[in-house]
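Q: Taken in sequence, the protein lines are chains W and D.
Quick note, the first sequence lines up with residues 12 to 389 if you use my numbering.
Quick note, the second sequence lines up with residues 12 to 389 if you use my numbering.
Hints may contain errors.
Said to hold, decoys possible - On the chain W side, residues computed to face chain D include the following (Cβ under 7 Å): (1) Asn49; (2) His52; (3) Asn134; (4) Ile136; (5) Arg164; (6) Lys308; (7) Asp331; (8) Ala378; (9) Gly386; (10) Phe389.
No wet-lab data here; the hints were simulated from the structure.
C-beta: ideal position from N, C-alpha, C; glycine also.
Number of protein chains: 2
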Amino acid sequence: MDEQWIPARAGDTLSSVDTPALILDLDRFEANLTRLMNAIHGRSVRVRPHAKSHKCVEIARRQIAAGAIGICCQKTSEAAPFLAGGIADVLITNEVVGQRKTARLAELAASYPAAKVGVCVDNAIAVAELARACERADSALDVYIELDVGHNRAGVTATEEVVALAHAIGMHRKLSLRGLQAYFGNAQHRRSTSERRDAIATATSLARRAKAALVEAGLPCDVVTGAGTGTFMLEATSGVYNEIQPGSYAMMDVDYAKNETEPSWPAFEQSMFILTTVMSRRKDAHSDRATLDAGLKSFSTDSGPASPAFAGWQVRAVSDEHTVLERHGAGNELALGDKPLLIPGHIDPTVNLHDWIVAVRNDRVEAVWRIDARGAIF
Amino acid sequence: MDEQWIPARAGDTLSSVDTPALILDLDRFEANLTRLMNAIHGRSVRVRPHAKSHKCVEIARRQIAAGAIGICCQKTSEAAPFLAGGIADVLITNEVVGQRKTARLAELAASYPAAKVGVCVDNAIAVAELARACERADSALDVYIELDVGHNRAGVTATEEVVALAHAIGMHRKLSLRGLQAYFGNAQHRRSTSERRDAIATATSLARRAKAALVEAGLPCDVVTGAGTGTFMLEATSGVYNEIQPGSYAMMDVDYAKNETEPSWPAFEQSMFILTTVMSRRKDAHSDRATLDAGLKSFSTDSGPASPAFAGWQVRAVSDEHTVLERHGAGNELALGDKPLLIPGHIDPTVNLHDWIVAVRNDRVEAVWRIDARGAIF
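Assemble the whole structure, with the sequences as input and the hints as a guide.
A: Next comes the structure, spelled out in structure tokens:
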């Protein structure tokens, strides 16, 4: 979208921000960054936050300033703005397949020779493609073998496959095997900590076995990386994982707020909201409804809709550009033109719908950050 | 997203297009435009397609070349690229509320004095705001009173409210009352034609009554506008509606394909697809799965996920950047690097996730069109 539609300028009051807009409460956001680093302080575990959650170079810079060693991305086009923005260590936690895509990745790595660029593989054909692309572009890639530790989405399962892939990677001088990607995605959202403990215990044992097989074969496995906001305390204390990849922790969402947690785990606060406007209001014998100017094009509904950050209202319907709230018990009044805040249901695909993050402290806009990798699906 | 990530160039073969990409089958698309115009041929009903579905100036131009009189939008920022692209008749089928938003709309209308720009109202406060903004910007707006005909999202219900609002609009020389917006959104997706017939019969009777009240009070009501892809044949033959607003008809989706239809209604074909790549493949005793490189950031799931445009596979899981297909009966084989097509579950929020439409004829890229109003939420 055109720059002229930027929703706010530094110095604006929160109530003057155009809507719908993503609002980042800076005090809470900064506290979340600190909470994560404190939680793993003293352990030999590195933090590599997942930038697919925020897609914003300025947030990545702040995560690194807080102690992260680099970031994760999911796509080559997503990695590009972070490398351009000076983030010097980027791991694509995903397979990159096909001649066009491997060529783009190898060329991107060639453009930033001082940066570390990593990628995952689960197939020997893809290894050969990556190697050829790197030869052509004269660039080097760090390579991680993706292990399917229960997510059942990508990755190899058998230990022999891991070793065979490692040998295949070892044949190419432009590819350096760094270790294992062992992410158990859907374990993040299992509600009880015991379910998550069980899932990560399985993942850890699979990762331990794969690592042992690599070491025994004299192959490198310096890094075992994975974990997300829902489980990273388990991976961080597993004795096997030495790198964690949480993303949502910095912003949070309704879905993560539903997770049971443990007293010794950090309690992240909701720091990101969607500012909306009441664009239609009806209050009569038949209805007590406030219709907001944000819908499916301002938040994702895959994990449920965004929900009011205030009492007395619940979501009755969501359409492309509208959310209809209905009165539900005592709470705030809403009048035409009011600007209520919603909490995103699922943060990653919600951020991806926006072009700007409005960073706010004490109801005053401190900065507006571009969501640099918005729509970076290639 | 940066121009360098454009997924295709004119002349490319379909199989060389980068993924995930929105593919428009031009033969089917053009046939859909013709089907709509043929279906209402000879009736005194104008076609004003909803551009919130495609957000693409080039598609709007082709709809107008096929006989449409203009387009609908939902937001001021969405209307802007269409006006800039030469579309001279744009109706915002939505309320615009708040000083900042009304000022932007009035300024936009001032920038295109030769164009007709319309907006909806359901509240006297908003009418006064719009009038002040137009006075300041020295611009004029067409105004439509939104009638709640069953959608229960915005709009007034009582005939007296319609007449009172019409009087309020009439007090302002920069605002011209044109008629009624009477859209029954959720009726579009009721599965049986009898349910849709009942819904539109109710809507028509409410619109007829409101129009009669305006005429009786000596107030203007030249246009009764509304309808979508699921019901427009009912509004077009109602004797009350004289303008229809279908959007999805040009592209279609899984959700609309589930609607029962009638032999005399046009049979629109699926013309838009999501091209993907098989980025991981597993086939062993435990699993027969193909993982695609498109997920929640390439299609919306509010009406169910995108689904394979081919036999033998079904969607097992969708995450941010992945869709996992599982073998389900006989059908195509899928190998690593293959590029299968998916059919969007819900077309409007899916298009909004992309920056380009790759227009294809006979497996050859004919053009790549920018989705000009992608992310235009303000």
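Q: Now, for every hint given, state plainly whether the structure supports it.
A: Now for the hints, and whether the structure bears them out:
Look at Asn49/W: its Cβ only gets to about 28 Å from chain D, farther than 7 Å, so that hint breaks. Annotation: interface hint on His52/W violated; nearest CB of chain D at approximately 29 Å, more than 7 Å. The criterion of a C-beta within 7 Å of any C-beta in chain D is met by Asn134/W, whose closest approach is roughly 6 Å, and the hint holds. About 6 Å separates the beta-carbon of Ile136/W from the nearest beta-carbon of chain D, less than 7 Å, and the hint is met.
Given the 7 Å rule on beta carbons, the hint for Arg164/W holds: about 6 Å separates it from the nearest Cβ of chain D. Checking Lys308/W against chain D by beta carbon gives a least distance of about 5 Å; that is within 7 Å, so the hint holds. With 7 Å as the threshold, the beta carbon of Asp331/W comes within range of chain D, its nearest partner Cβ sitting at about 5 Å, so the hint holds. A distance limit of 7 Å between C-beta atoms decides the matter here; for Ala378/W the minimum to chain D is near 19 Å, and the interface restraint is violated.
At about 5 Å, the closest approach between the beta carbon of Gly386/W and any beta carbon in chain D falls short of 7 Å, and the interface hint on this residue holds. Taking 7 Å as the C-beta contact cut-off toward chain D, the hint placing Phe389/W at the interface holds, the least distance being around 5 Å.
In summary, the numbered hints that this structure violates are 1, 2, 8.
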